[in-house]
Each structure stands twice: as C-alpha cells, then as structure tokens.
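These protein sequences, in sequence, are chains A and B. Residue 1 is where the first sequence starts when you use the UniProt record's numbering, and the numbers rise one by one after that. Residue 1 is where the second sequence starts when you use the UniProt record's numbering, and the numbers rise one by one after that.
In case anyone wonders, no lab produced these hints; they're calculated from the structure. In this text, all values refer to a predicted model and were calculated from it rather than measured experimentally. Backbone N, C-alpha and C fix where the C-beta goes; we use that ideal spot for every residue, glycine too. Keep in mind that the hints are not guaranteed to be accurate.
With a straight-line Cα cutoff of 27 Å, these simulated DSSO-like cross-link-like pairs (lysine-lysine) come out [as the list claims (entries may be wrong)]: (1) B:K156 / A:K554; (2) B:K49 / A:K554; (3) A:K666 / B:K61; (4) A:K265 / A:K194; (5) A:K666 / B:K163; (6) A:K524 / B:K61; (7) B:K156 / A:K526; (8) A:K257 / A:K243; (9) A:K508 / A:K345; (10) A:K643 / B:K108; (11) A:K524 / B:K18; (12) B:K25 / B:K7; (13) B:K108 / A:K554; (14) A:K338 / A:K282; (15) B:K7 / A:K524; (16) B:K25 / A:K526; (17) B:K108 / A:K646; (18) B:K7 / B:K80; (19) A:K460 / B:K163.
Derived Cβ-Cβ restraints for the label pairs, each shown as a range [stated by the list, open to error]: (20) A:H668 / B:L147: 17 to 27 Å; (21) A:E819 / B:Q38: 53 to 63 Å; (22) A:T672 / B:E57: 20 to 30 Å; (23) B:N22 / A:E580: 52 to 62 Å.
Given next are the chains, with one letter for each unit.
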Amino acid sequence: MGKKRGNPLPLLPPEVEEDEIEVSDEDLQFVKENRYYAGFLSKLDTKSITKHVVRLADGKKEDALESFYEKRKKKAFIENNEGNALQLDPVDALPVKTLDGKLYYRTSSVDVTKPQTGLQEDNTKTNDQNVDNDENKIKPTKAERREKLKKIKKIAKKQVEEENKIDEVQRDLKSEVLEKVKQELSAEELFLQKKGKIAEIGMGLLADPENNIASLKELVQTCNDTDHNVAKLGLLSLLALFKDIIPGYRIRLPTDKELQMKVSKEVKKMRDYESMLLNSYKAYLQKLVAFGKQPFFQQVAVRCICNLLEAVPHFNYRENLLAETVKNTSSSDDVIRKLSCSAIKSLFMNEGKHGGEATVEAVQLIADHVKIHNCQLHPDCIEVFLALSFDEDLAKSTSENGKEKVKPKKKGKHTPAVPNQLAKDDKKLSKKELAAKTRVEVNTDFKAVSFAPDASERKKLQTQTLAAVFETYFRILKQSIESTAGIKIGSGTKLRPLLIPCLKGLGKFSHLISVDFMGDLLNKLKRLASGRNLSTENCRTVSERIQCCIVAFKVMRNNLDSLIIDLQEFFIHLYNLLLECKPNREDEGELLAEALKTMLCEGRQHDMQRAAAFIKRLATFSLCYGPAEAMAALVTMKHLLQKNSKCRNLLENDGGGGSLSCSVAKYHPDATDPNLSGALSSVLWELSLLSKHYHPAVSAMASSIANMGTGHNQMFLSIISPGQAFSEYSIARESFKLSIKPPASICKRKKVMDSQQRKKVLESSADPHWNDQEHEDLVRKRFSDHFKVFRNILENERLRRELNLTMSSIHLYEEYRREKKKKKRRCLDKV
Amino acid sequence: MRPLDEKETTTVFEKLFKFTGNNLKHIVERPSSEGPEQDPGRYCFRLQKNRVFYVSESLVKRATNINREKLISLGTCIGKFTKGGSFHLTVQCLDLLAAHARHKIWLKPTSEMSFLYGNHVLKSGLGRITENINANDGVVIYSMSDLPLGFGIAAKSTQDCRKLDPNGIVVLHQADIGEYLRMEDDL
Numbered sequence: 001m002g003k004k005r006g007n008p009l010p011l012l013p014p015e016v017e018e019d020e021i022e023v024s025d026e027d028l029q030f031v032k033e034n035r036y037y038a039g040f041l042s043k044l045d046t047k048s049i050t051k052h053v054v055r056l057a058d059g060k061k062e063d064a065l066e067s068f069y070e071k072r073k074k075k076a077f078i079e080n081n082e083g084n085a086l087q088l089d090p091v092d093a094l095p096v097k098t099l100d101g102k103l104y105y106r107t108s109s110v111d112v113t114k115p116q117t118g119l120q121e122d123n124t125k126t127n128d129q130n131v132d133n134d135e136n137k138i139k140p141t142k143a144e145r146r147e148k149l150k151k152i153k154k155i156a157k158k159q160v161e162e163e164n165k166i167d168e169v170q171r172d173l174k175s176e177v178l179e180k181v182k183q184e185l186s187a188e189e190l191f192l193q194k195k196g197k198i199a200e201i202g203m204g205l206l207a208d209p210e211n212n213i214a215s216l217k218e219l220v221q222t223c224n225d226t227d228h229n230v231a232k233l234g235l236l237s238l239l240a241l242f243k244d245i246i247p248g249y250r251i252r253l254p255t256d257k258e259l260q261m262k263v264s265k266e267v268k269k270m271r272d273y274e275s276m277l278l279n280s281y282k283a284y285l286q287k288l289v290a291f292g293k294q295p296f297f298q299q300v301a302v303r304c305i306c307n308l309l310e311a312v313p314h315f316n317y318r319e320n321l322l323a324e325t326v327k328n329t330s331s332s333d334d335v336i337r338k339l340s341c342s343a344i345k346s347l348f349m350n351e352g353k354h355g356g357e358a359t360v361e362a363v364q365l366i367a368d369h370v371k372i373h374n375c376q377l378h379p380d381c382i383e384v385f386l387a388l389s390f391d392e393d394l395a396k397s398t399s400e401n402g403k404e405k406v407k408p409k410k411k412g413k414h415t416p417a418v419p420n421q422l423a424k425d426d427k428k429l430s431k432k433e434l435a436a437k438t439r440v441e442v443n444t445d446f447k448a449v450s451f452a453p454d455a456s457e458r459k460k461l462q463t464q465t466l467a468a469v470f471e472t473y474f475r476i477l478k479q480s481i482e483s484t485a486g487i488k489i490g491s492g493t494k495l496r497p498l499l500i501p502c503l504k505g506l507g508k509f510s511h512l513i514s515v516d517f518m519g520d521l522l523n524k525l526k527r528l529a530s531g532r533n534l535s536t537e538n539c540r541t542v543s544e545r546i547q548c549c550i551v552a553f554k555v556m557r558n559n560l561d562s563l564i565i566d567l568q569e570f571f572i573h574l575y576n577l578l579l580e581c582k583p584n585r586e587d588e589g590e591l592l593a594e595a596l597k598t599m600l601c602e603g604r605q606h607d608m609q610r611a612a613a614f615i616k617r618l619a620t621f622s623l624c625y626g627p628a629e630a631m632a633a634l635v636t637m638k639h640l641l642q643k644n645s646k647c648r649n650l651l652e653n654d655g656g657g658g659s660l661s662c663s664v665a666k667y668h669p670d671a672t673d674p675n676l677s678g679a680l681s682s683v684l685w686e687l688s689l690l691s692k693h694y695h696p697a698v699s700a701m702a703s704s705i706a707n708m709g710t711g712h713n714q715m716f717l718s719i720i721s722p723g724q725a726f727s728e729y730s731i732a733r734e735s736f737k738l739s740i741k742p743p744a745s746i747c748k749r750k751k752v753m754d755s756q757q758r759k760k761v762l763e764s765s766a767d768p769h770w771n772d773q774e775h776e777d778l779v780r781k782r783f784s785d786h787f788k789v790f791r792n793i794l795e796n797e798r799l800r801r802e803l804n805l806t807m808s809s810i811h812l813y814e815e816y817r818r819e820k821k822k823k824k825r826r827c828l829d830k831v
Numbered sequence: 001m002r003p004l005d006e007k008e009t010t011t012v013f014e015k016l017f018k019f020t021g022n023n024l025k026h027i028v029e030r031p032s033s034e035g036p037e038q039d040p041g042r043y044c045f046r047l048q049k050n051r052v053f054y055v056s057e058s059l060v061k062r063a064t065n066i067n068r069e070k071l072i073s074l075g076t077c078i079g080k081f082t083k084g085g086s087f088h089l090t091v092q093c094l095d096l097l098a099a100h101a102r103h104k105i106w107l108k109p110t111s112e113m114s115f116l117y118g119n120h121v122l123k124s125g126l127g128r129i130t131e132n133i134n135a136n137d138g139v140v141i142y143s144m145s146d147l148p149l150g151f152g153i154a155a156k157s158t159q160d161c162r163k164l165d166p167n168g169i170v171v172l173h174q175a176d177i178g179e180y181l182r183m184e185d186d187l
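From just these sequences and the hints, can you work out the full model?
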C-alpha cells in the first residue's frame, strides 16, 4: 500500500528508536482496524520527500550519510517487499518500471473499489501465505506496520473522522479476519506443542511403563485429533510404544472369580496394568482398522498393522490383525500389498515367535479369502505360501512310518474326515501317556512355561496348514479349468491370475501331496496342459502349460514309492509344445529348459520311439532358436542318446532305420504323437548344420554328438543339465550381442584359431570373434575392396549389355538398308 | 477267404480298440508296404477258416488265385473266432499292437521269464507302467529294453496298483511270445 514511499518521512525528524515510540492502545486499535486508510500515502510526493532527505544529508558527515542511506534503503526495501507480500495480490507483486526509470509498485487501489467481501478474502489469502512462509518475519512487520499506521493516523485524522460511519460496519469483519490469522499462526505452534506432548508421553511410558500406563489412553486419544498429521504421528508413536512394552506372553484377563479372591498388592497392580494395556491396545487396533478405510490414513494404518503382526504375533487380538492383513494382500495399491505380503511371509518364516498357530490361522484366512473372491485376486497373495516350510523330520519321527503322515492330512482336507484324524492323534497321545505316565504333568508344566509346543501338537498344526494350502491350490486349479471351459468369460485380460503361483507352489510342496489325490491332480493338470479344446481368446499360455507338465512330473517323481509311472500324455503335450514355444519371451526359455531337464533327462528310461521322436524334434528346434535354447536342447539330446543306445541309429547315414522302424516306415515331422512320428527312420541331418553354427559352443556340442555313433561306446557322462546350459549361454548371449564377445571359457581356445584365420580372406567377417579396432578396420577395408570389385563387375556387365544392344541395332539397321536396296533394285529391274 | 461281415468287424475292432484306443485309426488307414506293386494300397482284414488276417490289398488280389481249401495263411494272422462267435487275439498280432499301444507295462528282468511261461503279471514284477490305465483295459507288455513280450488285460487301474500288495495280479495274461515255442502246433 505505498507506505514505503511514505516511510522516509517519519524517520527523519526525530532519531527515535522504534521501540521508544509510545503508542496508546486506542490508537493502535484504531489504526489496525482502519489500515486501509493508509492508501492516501501512495499519493505522497516522492520528490519532495527525497529533497527533504537530501537537505538533511547536507548537514551530516559523509560517512554517516552513506551509512544512513544504506540503512534507509535496506529498510525501505525490506518493507517494500513485505508490504507487497502482505497486501498485494501475488500476481501484482512485481513492480513496473516506466520509461523514465521510475519503479511503480502496484498498489492495491483495487481494494478501495472492491466490495468488502472480496477484500476480506484477499486479506486472508495473503495472510495464509505469510503464515506458511515464515513466522519470524511476520511479527516484526506487524509491529512496524502498527507503528507506521499510528503516525499516519495523525495526518489522516480528518479523513478518518469523515469515514467513521463506514468504519463501524467494517470493524466486525476486520476482527474476524484477524482472528483467523491468529488461528493460523497458532496452528503451527499447536502442532509443535502436540508433537512435544506425544514425545513426552512416549518417553514417560518407555521409561516406566507400569506407572505411566494411564497416559497410554491419552496417547490413544491423540489419534482422534482433527489435525491429520498429529493423528498420524500418534499412530506411529503408539506403534513404536506397543512394540516395546507388549510382554512376551498373551494376557488373559482375570475372571470374576479370580477378581473376588484376595491378592497381594503387587499382583493387583500387575493386573491393573495388564488390563489397561490390553484395553488401550484394543482401542488402538480399532482405530487402526477404522483408519484403514480412509484413503489418507490407509498406508500408515497398514504399516502399523503389518509391523505389529511381525513384532507381536503371539499377543492378543492377533486374529484381527491377521484378518486385516490378509485382506490387504490383494489390495490394488502396490505399497500396501507389498507390506502385507512381507508381513505374512515373515510370519511364516519366524514360527518360533508364535508357535505356529498364527501360520495356521493365516493360511486358513487366505484360503477363505481366495474362496470368497473366486480366485480373482492378485498373484502375490498366493505367492506367500512359498515362504512356508514344513518340517518333515518332525512328522516322520512322531508317526510310526513316513507314509502314514501324508495320508491323514489329505483326508482331512478333501472329505472332511476330521474325526478320523483326531482319533489317530488321540491314540498317539494315549500311547505316549502310557509310556511315560509320570512325566506327563511335568511335560505340561514345561510346555506352559517354555512356550514350545511338543511334536504332536506341531504336527497337528502343520497338518492343518497343509490342508488349507492344498485346498487353496486345488480350488485354483479347478477354477482355472472352469473359467477356460467358457462358462464365464468375465473381466477379460487375466482370467487365471493365480495359476502360475499355484503351480509353483504345487511344485514346491509336491512331496507332501498324498497318493490318494494324485490321480485327480494329474487329471486336472492334464486338462490344463492340453489347451486344445479352448477358444482362442482365453487360451492358456505356453509357459503355463509347460509349467503344468513340470509340476505333474515333480508330483509323480516325489511320490513314487515303488511304482514308476510313465506319464505318456504329458510327453505328448511337451512334444507339441516344443513347436509352439517362442523363446523370445523371457521366462519361456528357462521354463523349457527346466521341463527338458525334469521330463527327459531325469526320467530313468524312455520308449525308444518316443526318445527318437524327441531327439529329432529337439534337433529341429535347436536349428531355429537362439544359442541358449539350442544348447539346452543339445544337452538333452546327448542325454537321450547316451541312455538309448538304439536311438544312435539316427546318427547313421542310411535312412530307414531297418527293422527298428516298426510299423511307421516314414518320418512324419508334423505328427502329434511322438510314438507315431516314425522318427527312427529319419536321419539327424540337423547336426551337420548345427556343427557350422555361429556360436562356438553349439557347434562344438553338435559335432561331439555327431561323433557319438562312430566312437566307441564308452561315453563320458555330460555333467551339465539343460537348465544350466541355458542359463550359462543365455548370459553369454547377452554379452555376445552387445560387445560381440565370446564367453570367457571359449575365448582361450578360440584365440589360437583366430590368429590363423585372420589372414584368410572374407571368412573373418562371418566369425564373431573379432572385437578390436584393428580387426574392424581390416574387415572394413576388405568389405570396401570386395564392394569395389563387385561394382566393377556390375558396371562391366552393364556396359557390355549396352554395347550389345547398340551392336544389334546397328546390325538390324544394316540389314534393313540392304533389304531396301534389294527392293529398289527389284523394282528397278521390274521397271 | 472273405471280408468280415458287419458283426464280425465290430467284434474285431472292439477288441483292437481295447489295446490301441484312438490309434485304431492308424491301423486301418495305414498305407501298405508289402506286395510287389508300385502302389500296394492299404491293409485290410480278411477271414479265412475262422482266422482273421491283416493283409495288404495287393496280397489279397494275388491270394484270390489260390483255392480256398488250399490257402493256409496270408499276411498277418491277428486272431481267430471261436465256435461261440467271440474273437480272440493271438500272439502274432503283438507287433501290430505294440506299435500302436495305448497302455504299456514294462517288466522287471526278473519277472520276464515267469510271464513268458504264461503266468500273470504281479505287482512285484512291475518295472514301469503308463498312467491312466483302468481295469479291463488292454495292456501291451514290454521288457525293460522295450521288446514287446506279450499282452493282457489290466486287472487293476494304475491308481489301485500303488496300494496293491506285491503279490497282487496287475495284468491277466492273454498271449506272450513264449507261445511260439509252447504252442508251435496250434499256431
């Protein structure tokens, strides 16, 4: 408001300190309320003022003058800024420089014309900004302003009196505005104050929880604060507190009977303390759950819940914590989901903290969750199962033999024959009692004290956990079959979000699946792996199907007690999947390598026909895919050829396979059944192509396989598995592409060859082992030479062709002329 | 020698279907490799004196030259009709079945001999078994080195085999290659 221009004037005459000026309260009040009358100051003549200043300066010493000027300018500057910031719209805060070099600060002349309401808004807005900016700055400016206004008041008295009437109307509004300002100012202080209070209570509680337990309630109350930040702080500090003061046991509130009994002072104190702690913990949890639904608090609440679950899974109200966390495992918010999942995983891994009970509860909750949502959840919520660990020794040591352990588990799951299971456990217990009757009491006492459940207890828990896990897995499998059968073509993109983690889990726990359910499981897997009777829309992906095959084999392998079962159909599926596989997808190559390993390399023996068919197809496969996949395939081929000596007929040059070819005399590359493809009557011509592969490892492998047939029968067993080969060379492939560098192991051997090859002409361009500058130049030169020669030849040809053309046309022309002459002659003759 | 009538065809095919399943199609549609002609055609079934033969068409043409009473055998004999009208597969069809078998069982070397003397296959002799065999399915029996030894009828499904005690019968014997020696005259 242009006060700045007026500033120098009052400063001049008496050199009085600002503090010393006495301002009556009345004056102050008046000026405060009528600040806007200071508007006239903008009309002040600056020139006259400067003159005034100059005059004053004349009488002073030079030094003093300078410093005086500096001071004054600085002050004026600061006031300018502040004044503007205070009372101008932020948009107008910049001064305007006119042509003659004067700065015009846009004053809020608008204010005069503006209706009062608008002005008020403006005011609060600017005030808001100030509060945010800095508290310290505001205070001095206010004082100054008041003081200035007071002086201004004297001059403006008359005008003020005239407008007194309007003033009174405005007064109320002004005071309101000021109150608001005050509030804003105090908010921050209040925040700090509350923060301090929270810290104080927290420290007190930590120092002596038993005596200060009452203040816990107070702290819980802070979470109800209207200020969101305070509430957040309250939640978090409560979390830290509870983590520290919650005891290592579960609190059981005393019954009425117990309450009536006389107890010592200490016990009473303890009871009070515990009940208080429990009550406030309950209140806190309720608050957390409530906050979990508000978007602003969601993350904080979830973090608190997860932390509590991790830290104190043994304590009361664990069920509520679990329920909340499990619900969050499939949240659409990434952060929340990750937090919840990691909390549950740590729950699974640190079973010592809660004795395994929480695991059972969590798994059952997840199972219910999956059931309710009909398997349409985020994969993360199933992946947590992978963190589970089952103690097999435990189960074996307690039960009479290893087999029995698995069976009752499964019974409990599918057909709820729980009584049966319980009966068994009871029997076991009674046996134990008979064996060591005297120790029972001691044992129970010890159990209560040591908090370590005995083996049979743990086994029971483990059984329940397993039951819930497999129930979930089977549900998912069933659902994925149904959904693909086209019953419901629901929400599009991902129909089976849980299938992959489910298959992974089945693979991991395959050794625990009972024999009774293996048939059903295999049937389902077979249907999943086939993927034939499906509409194109929701076809299972290749990787899913490969995974199915792998799981089937793992299940089978881990459960063969005496019977070796030949999974023919899965072989057929794999045989066909080899063609569909597109290894440009990242995980597929790896999966395929794993499938080759589990299905073809680890199996004991194969049909000759089938082995031959796979060998043939793998050879074809390795021709058209990258070196990593090719290596995996070749390693598998080698395995197969070593095991099935009859299949080495494939390596012979004469086709037809002789008597071995059985009924199918001709090779059908497109047959769907490996048994009927007649691969034995074909020849592995792919190997000779592969031995010229650009990748040295592949070519070496191919030629070593090709020599198997001719070499003596004593084979060294190849040590690496297809999976290893794949991973080794897939990494190698990366470096191969980028820097054109061979994998280190081959480098040495290759170098020798390189130096020989270097002198050979164009071959080096096909060899990937040049990487230094020198080589590149060499090749470039050769290329350019080659190109020149090539161009010369082309040019030559072109010229020759032209020449021919012209020659022929000349010939033609000559003939034509000759003809003409003849005709003329004839004509002449006739004439 | 005559083609099978409808009823006979169904009984023969039903029997073969037990062993080969959907591969029966391949047996019927299989192009022939026997016979002197350039295009020997397919294989077909012919009945001659209660025996059913699996013959290439070109051979059939030539066989018509021979008197019915004098014709003893042509092509591959796969089985015979009993007086009661039921059809039995004989061991000669083993090669055909083995090439198209759906269910297979591999025998341990120790129990091979017992099977070749005409005994049933016990669980203890089981080396390997394909999945999904149901009771009463036809099963082809191999040695561990993939040599077909004979065939029979499954007494138990694959699942039941797991729980079976070692002396339980898994496959009921029907024919084995030992018959070539034991019943040389009958064949």
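Quick rundown of the hints versus the structure:
Restraint check for B:K156 and A:K554: the C-alpha separation of about 24 Å stays at or below 27 Å, so the hint holds. In summary, the hint linking B:K49 to A:K554 is not supported, as the alpha carbons are separated by about 52 Å, beyond the 27 Å threshold. With a C-alpha separation of about 25 Å, the suggested pairing of A:K666 with B:K61 holds against the 27 Å cut-off. For the suggested pair A:K265 and A:K194, the alpha carbons sit about 35 Å apart, so the restraint of at most 27 Å is broken.
For the hint pairing A:K666 with B:K163, the CA-to-CA distance comes to about 42 Å; that exceeds 27 Å, so the pair is violated. The suggested pairing of A:K524 with B:K61 is violated, with an alpha-carbon distance near 50 Å, which exceeds 27 Å. Of the supplied pair hints, the one linking B:K156 and A:K526 holds, its CA atoms being roughly 21 Å apart against a limit of 27 Å. For the suggested pair A:K257 and A:K243, the alpha carbons sit about 31 Å apart, so the restraint of at most 27 Å is broken.
At roughly 16 Å between alpha-carbon atoms, A:K508 and A:K345 fall within 27 Å of each other, so this suggested pair holds. A distance of roughly 17 Å separates the Cα atoms of A:K643 and B:K108; the hinted pair therefore holds under the 27 Å criterion. Distance check on the hinted pair: A:K524 and B:K18 sit about 24 Å apart at the alpha-carbon level, within 27 Å; holds. Restraint check for B:K25 and B:K7: the C-alpha separation of about 19 Å stays at or below 27 Å, so the hint holds.
Among the hinted pairs, B:K108 with A:K554 is consistent with the structure: their alpha-carbon atoms are about 24 Å apart, no more than 27 Å. This hinted pair checks out: A:K338 and A:K282 have alpha carbons roughly 25 Å apart, not beyond 27 Å. A C-alpha spacing of about 38 Å is found between B:K7 and A:K524, which places the hinted pair above 27 Å, so the restraint is violated. A hinted pair counts as satisfied when its Cα atoms are at most 27 Å apart, and B:K25 with A:K526 qualifies at roughly 23 Å.
Annotation: proposed proximity of B:K108 to A:K646 holds, straight-line Cα distance about 19 Å (limit 27 Å). Of the pairs offered as hints, the one joining B:K7 and B:K80 holds, with about 14 Å between alpha carbons and a cut-off of 27 Å not exceeded. Distance check on the hinted pair: A:K460 and B:K163 sit about 25 Å apart at the alpha-carbon level, within 27 Å; holds. Between A:H668 and B:L147 the beta carbon distance is about 24 Å. The supplied range of 17 to 27 Å therefore holds.
Hint check: A:E819 to B:Q38, Cβ distance near 59 Å, so the stated range 53 to 63 Å holds. Restraint check, A:T672 to B:E57: a C-beta distance of roughly 27 Å satisfies the suggested window 20 to 30 Å. Between B:N22 and A:E580 the CB atoms are about 22 Å apart, so this pair departs from the stated range of 52 to 62 Å.
Checked against the numbered hints given earlier, this structure breaks hints 2, 4, 5, 6, 8, 15, 23; the rest are met.
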